[in-house]
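There are 2 protein chains.
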Amino acid sequence: MRIPILKLGNYLLVSIQIELDDKTAVQFQQDLLNMIHKTGSTGVVIDLTSVQMIDSYIARVLGDVVKMSELLGCEVIFTGIQPAVSITLIDLGIGFRNIKTAMNLEQGLEKLKQSLEG
Amino acid sequence: MRIPILKLGNYLLVSIQIELDDKTAVQFQQDLLNMIHKTGSTGVVIDLTSVQMIDSYIARVLGDVVKMSELLGCEVIFTGIQPAVSITLIDLGIGFRNIKTAMNLEQGLEKLKQSLEG
Numbered sequence: 001m002r003i004p005i006l007k008l009g010n011y012l013l014v015s016i017q018i019e020l021d022d023k024t025a026v027q028f029q030q031d032l033l034n035m036i037h038k039t040g041s042t043g044v045v046i047d048l049t050s051v052q053m054i055d056s057y058i059a060r061v062l063g064d065v066v067k068m069s070e071l072l073g074c075e076v077i078f079t080g081i082q083p084a085v086s087i088t089l090i091d092l093g094i095g096f097r098n099i100k101t102a103m104n105l106e107q108g109l110e111k112l113k114q115s116l117e118g
Numbered sequence: 001m002r003i004p005i006l007k008l009g010n011y012l013l014v015s016i017q018i019e020l021d022d023k024t025a026v027q028f029q030q031d032l033l034n035m036i037h038k039t040g041s042t043g044v045v046i047d048l049t050s051v052q053m054i055d056s057y058i059a060r061v062l063g064d065v066v067k068m069s070e071l072l073g074c075e076v077i078f079t080g081i082q083p084a085v086s087i088t089l090i091d092l093g094i095g096f097r098n099i100k101t102a103m104n105l106e107q108g109l110e111k112l113k114q115s116l117e118g
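Taken in sequence, the protein lines are chains A and B. With the UniProt record's numbering applied, the first sequence corresponds to residues 1 to 118, in that order. With the UniProt record's numbering applied, the second sequence corresponds to residues 1 to 118, in that order.
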């Protein structure tokens, strides 16, 4: 089970619409980094609108993928974080430090464009 | 197993990155029509870049989804049709009659915009 990654111009779009188990999350991490490398994308929007729950392991994998992508020269924005997910993230003391967010996919793409194309 | 449908402004984006079995294809048909209805989207881009093979049943389901979407007032464009898939479609005598296509997701979105926004 892989999470589809869409290429749109210089950006990648990901919409996580399944319950993320540990294996899928790690597979996604690898797939996304490979795709960034292969396409030379400068930005990624990861949409979490359909993610209702998140645990500490998944939060860490997602947090790591941001740092790893940045090392490749690619900016990541999370969109559509649900109230329950935001509560869990803060309660777990994980948060997404220094991580950019937006309400939805369109606004995430807009934010990336502003940030990367000035 | 469901195919994720992404909402981007007035459009929906779908990238089919798994082997489509009959059940998944029918589920996708239902999901897409529900999503068009729910979001009031005016256009859909269905990217088939990762689809290496297609059979007559799947081709029919995809062809039907275009006609069904049009009934809802929504235009569909297929992108990234692989050479092998195009050969199969023509060999099977199915083709995608009167169906709009484009090379990739970006061009598909561009074509939708031109067609719908003039």
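By construction, these hints were calculated from the structure, which means they are not laboratory data. None of these values were measured; they are calculated from a predicted model. Treat the hints with caution; some may be incorrect.
Since copy identity is lost for identical chains, a pair holds within one copy or between any two.
[To be verified] Derived DSS-like pairs: lysine-lysine, alpha-carbon spacing no greater than 30 Å straight-line:
1. K100 to K7
2. K38 to K113
3. K7 to K23
4. K38 to K100
5. K23 to K67
6. K23 to K100
7. K7 to K111
8. K67 to K111
9. K113 to K7
K23 and K67: within-copy, between-copy, both or neither at 30 Å Cα: Classified as within: same-chain Cα gap 19 Å, cross-chain 38 Å, threshold 30 Å.
Up to 30 Å CA-CA - K23 versus K7, copy category: The answer is both: 23 Å in one copy and 26 Å across copies each meet 30 Å.
Up to 30 Å CA-CA - K113 versus K38, copy category: So K38 and K113 pass the 30 Å test inside a copy (20 Å) and across (28 Å) alike.
Alpha-carbon proximity between K38 and K100, which holds within one copy, between copies, both or neither at 30 Å: Both: 23 Å inside a copy, 28 Å across copies.
K100 and K7: within-copy, between-copy, both or neither at 30 Å Cα: both (20 Å within a copy, 20 Å between copies)
Homomeric proximity label, K67 with K111: Cα distance no greater than 30 Å: Within. Shortest intra-copy distance 18 Å satisfies the 30 Å Cα cut-off; inter-copy 35 Å does not.
Within, between, both or neither: K23, K100 at alpha-carbon 30 Å: Close inside one copy (25 Å), not across copies (38 Å); limit 30 Å.
Homomeric proximity label, K7 with K111: Cα distance no greater than 30 Å: Answer is both; intra-copy 17 Å and inter-copy 16 Å each pass.
Within, between, both or neither: K113, K7 at alpha-carbon 30 Å: Both: 15 Å inside a chain and 18 Å across chains, each within 30 Å.
Of the numbered hints given earlier, the model fails none.
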